[in-house]
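Chains as they are written, first to last, in the numbering used here: chain X, 101 to 427; chain Y, 1162 to 1903; chain L, 11 to 199.
Calculated directly from the structure, the hints in this document are not laboratory data.
We put the beta carbon where it would ideally sit given N, CA and C, even for glycine.
Only some residues are given here: those of chain X computed to face chain L with a beta carbon under 7 Å:
(1) F104
(2) T105
(3) G130
(4) T131
(5) L134
(6) D135
(7) D149
(8) R184
(9) T185
(10) P188
(11) S196
(12) N204
(13) Y336
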Amino acid sequence: MRSFTYERATDTQAAVTAVARSGAKFISGGTNLLDLMKLDIEDPSHLVDISRLPLRDIEELPDGGLRIGAQTRNSDVAADSRVRTRYPVLSEALVSGASGQLRNKASTGGNLLQRTRCPYFYDTAAGCNKRNPGSGCAAIGGFNRIHAILGAGDSCIATHPSDMAVAMAALDAEIELLGADGSVRRVAITDFYRLPGDTPQIETVLAPAEMITAVALPSPPPGRQIYRKVRDRASYEFALVSVAAIVSADQGTIREARVAFGGVAHKPWRSIEAEGALTGRPATMATYRDAAEAAMRDAVGQGDNDFKIELARRTLCRTLAQAARAS
Amino acid sequence: MIGQAMQRVDGPLKVAGRAAYAYEHWEAGQPLYGCIVGATIGKGRIIGIETEDAERAPGVRMVMTHLNAPEQGIRDESIPFEYWRAQPVLTGPDIHYYGEPVALVVAETFEQARAAAELIEVEYAGGRGRFAFAEHEGEAYVPKTVNAGLPTDTSVGDFDAGFDGAAVKIDQLYTTPYEFSMPIEPNACLVAPRDEDLIVYVSSQIVDAAQASIANTLRIDPARVHVFSPFVGGGFGSKLGIHSETILAALAARELDHPVKVAMTRQQIFQLIGMRSTSSQRVRLGAERDGRLAAIAHDVTMHTNPDVEYAEQTAATSRSLYAAPHRLTSHRLTPLDLPRGTDVRAPGEEPGLLAVESAMDELADALGMDPVELRIRNEPALDPERGVPYSDRHLVECLREGARRFGWEHRPATPSSRREGRWLIGYGMAVAIRVHLQGPAAARVRLEADGTAVVQTDMTDIGTGTYTILTQVAADGLGLPADRVRIELGRSDNPTSWGSGGSWGAANSSTAVHRACATLREKLLAEAHDDARSALRGLDPADAVFSDGDVRIGGASEPLSELVARNHPGGVAAEGETRFMGDEPNYTNYSIHTYGAHFAEVGVDADTAEIRLRRMLGVFSVGRLLNPKTARSQLIGGMIWGVGAALEEEAVVDPRSGAFVNRDLAQYLVPVNADIPDVEAVVLDGYDDKANVLGAKGIGELGICGSGAAVANAVFNATGVRVRDFPITLEKLLPGLPPMDA
Amino acid sequence: MSASDTDAMRRSQGEPAPLSAITLNVNDQVRRLEVDPRTSLLDALREQLRMSGTKKGCDHGQCGACTVLINGRRVNSCLTLAVMHEDDEIVTIEGLGDPDHLGPVQRAFLERDGFQCGYCTPGQICSAVGMLAEVAAGWPSHATAEVAAPRITLTDDEIRERMSGNICRCAAYPNIVAAIRDSAERGPG
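Required output: the full structure, derived from the provided sequences and hints.
Have a look at this one:
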């Protein structure tokens, strides 16, 4: 870890001003940034500590939604009674991630911005276009059991590791951003993340010095919400595949459905294709299979992760069946 | 006291965070911090190494590379015990495996050392490495012997004829992955020079080995190396010998004449310690229709590092297990440019029983026979290879008692036939067998004039309970309450033991302490017999009872402290010891093992193939238990290791670089709490009078032996899918799952 | 020169960032120390305050051995910087009891043999203390059937899930669960 200077930001505007200098980065929970700094993968020269900024509230929005301050800890979001009752998929996603200790430290904004867990990204001696643009992708042709099956390309097959963001994608969350010039904008979470393309090092549409200040959840959609995470270990492991599903069914017909996958792509993967195959169709396994086929139509395996395609299909089918039954 | 479920005497220190491990000693003052820089190629040589930036970096006191490292002793293969041998580092420009140390940076703070380590630039000329086991498996050679000095190959009867003539045959290939011990305390060492001597705090299972190896590497008198290893944060084989962090700390401390400490990072532990080799195991079983085995063959191929041969005794597992007139075992090694193979908990039995006990399950399935009954039917009367009697084998009792307690009769009779909601349910079982070893170990027991006792040995407690059981043995041996016995472990200046490893530690050191106590008793009684001042004068020492701090003969009694104080105001000591098993006729005349039977129930998610253990039981025969509380903990811990071996643990080599890809604890999966539901261990009453005077045998590894196979067999019973490529992960089951229904 | 130019020059010369004088409140004691900004809370505790009860197992938040309580909440002290904890109330294993006066969770671990080598144990115990407070506060976990339910029943499955951020390679898990169950049944103190 190279040396850096440290300052604690006292207000949000001061924070974005402070981080505008070259080599500066925000730190909040630190659970991913320090992990990477110890391995010389992240290398900031100046850290702006935003963990104590007054962005820790969860507020009611006029439209019936919630606004979650970016500095709210993952455990506080998961335990919030409004989140638990109105957005259980988010609470379920959060408590399926990491460990109790990490959730107590990790912030909402930091969770959104966590980097991939690709082992070649973590190995500074390996080629990685995300860490070192132009150096190649060692995961292609390497050990790629945990890698992407959707939206990947020749430059990068990494996945986004967040559970929380997958639930938020299904909930149509919007990310609230504060610019260095004081401007505020909101970006839909599905637009916030980028696919790797030729620039896998650029993971979001965040502008330089821009700060996530909040995540806005619109009023909850109708239907039953379920987050299902599949992994080798029963706990404390990133998803091989996860599904956030929200299904509203009425007299055996699906009225509305939301589907997002985790562990399959460079970003939380909202599947409009699956949703299209569900809406207005009977709530039967045949329909879920069609939705799974639609969701995985463009899926490509890399060898070790080929199984993820069928695993994602099966996980989606079961999760949809459970959500539809309970809705 | 022996046999009582005494709480750990070192427990209060551990639960209060006051037990000091190797990196945590401050007696020598503020140390400097060393960080290891590892090679980023797997084979080749260093053609340039740029250290100036690091040397100029703040706080840096030294950068050591092969260009300036002191000359060291070489690995002398003629030294019989490998962990005594020198472990030289930074010996030249050649790189033998990925991650091999190429530099040590020493600085005033850890942060400075770590940062400076990043400034070292190494230029390599890459060579063509041999990294992929599968690619080179066919180039295997025959090692002279395998681990523990066992024969490489054995043959009894005529295997080919026996197998050919068998009515039912199993001939399958099983593969197991590279696995790591991964104790939670990293390998770490603090070395403080004191005049000509070195004070070494190191996380070590065998203090004597650490002392000898350091002395041989640094080419100094072992008497000048004072090793302290009072607490060891887990070993599981990875701390039997010392490693590069110890040698580098010692070299730097001598050069700088200042205390230096070095700990490996978790990632480095995956490159610098060695691992259980991957194995390819062909198992052939030929049986009659009634289940009796006619022929068993177990042929194993593993990797070895070209410079340090290590052959895990994986096929030896099947040598004493089942009766069969025709038998073969063999071991082959394929040299690869990877870290050395090494002892990982239950070397031999862990991978060996995964294969053999899976094959036995396949045989039971092929015969349509209950797997428990199949084992019972093949129980041998004599050790089938050595032709000698077993000292104390109660495997059938373990099987019957285990089946009864587990409710084995409720096992789904056909695979993939029981479903509870989303879960496919299966039962599996397997047997455990583990050789019991004895080695030379000594302990000194001192009685002080105040009637307290001190036990001194270089034996270690790596979580095994040594402090506690030696307290019990000494308290019994001298008739003292436990709180008047103090145990002093892990110091090289104490009498030499064989340390903790191979499950031999408890029996060795307990026997040595028991004998030391007996010698002390005899001496004190002899003195009292002739002592006019003693209340015991003239009474028959054979009738003496040592109890509650008193010595009684008939109606006469005298406090032990007075016996000591009168003749030995400065205290009195005696040593006891055990001998190498080769010098003990019992170990030649008997087959001495521990045994067990594992029973597991698993659930497999019918949609996703996630595998979750539901419950597990082990019933064991281990001779006499010294402490049921600590013993149960070790057995349960071992069983859980088996769960990890069956379902999770796998270190993956990238065949392009020779690096372990998943080299941290987020990616190399070991069981977490949520993976482990009810696990119970039951130990049969016993006493193995052939093993030693206490009748006790080792238990540190028995729990892992066969437990993975019980889980694997349960997975088969749940799904009908037989996975022979361990670990059993969900992608291997997915294709065989039932189709999804509503 | 701009601040970023100064950063670049300082770093190219390998110059350290200046030490920061901070005050940490550890186990109800005010401790003043000068830290390198890079120093993790874990290393500040272990190497500067010489309180080595808090353990370094992986240094990357993957084992839980470094767990301490900050303002009553369990966290991995390896993944946070000491400079970030000015004025926070930090409790380590040493603050939960000493060998002659063990705290209730420490005592339960001893009685149930909830450890072997002892290295992950301080982290397990700190984690258990934090976890029991989370349960008392009604926080859901992955083992909670309905996250919306306002109260948590502390089943063994709940304990296992909530303790899964603490790896015990000796695999004392069943005994750890028993110790925590005892602690919960006995209540605080």
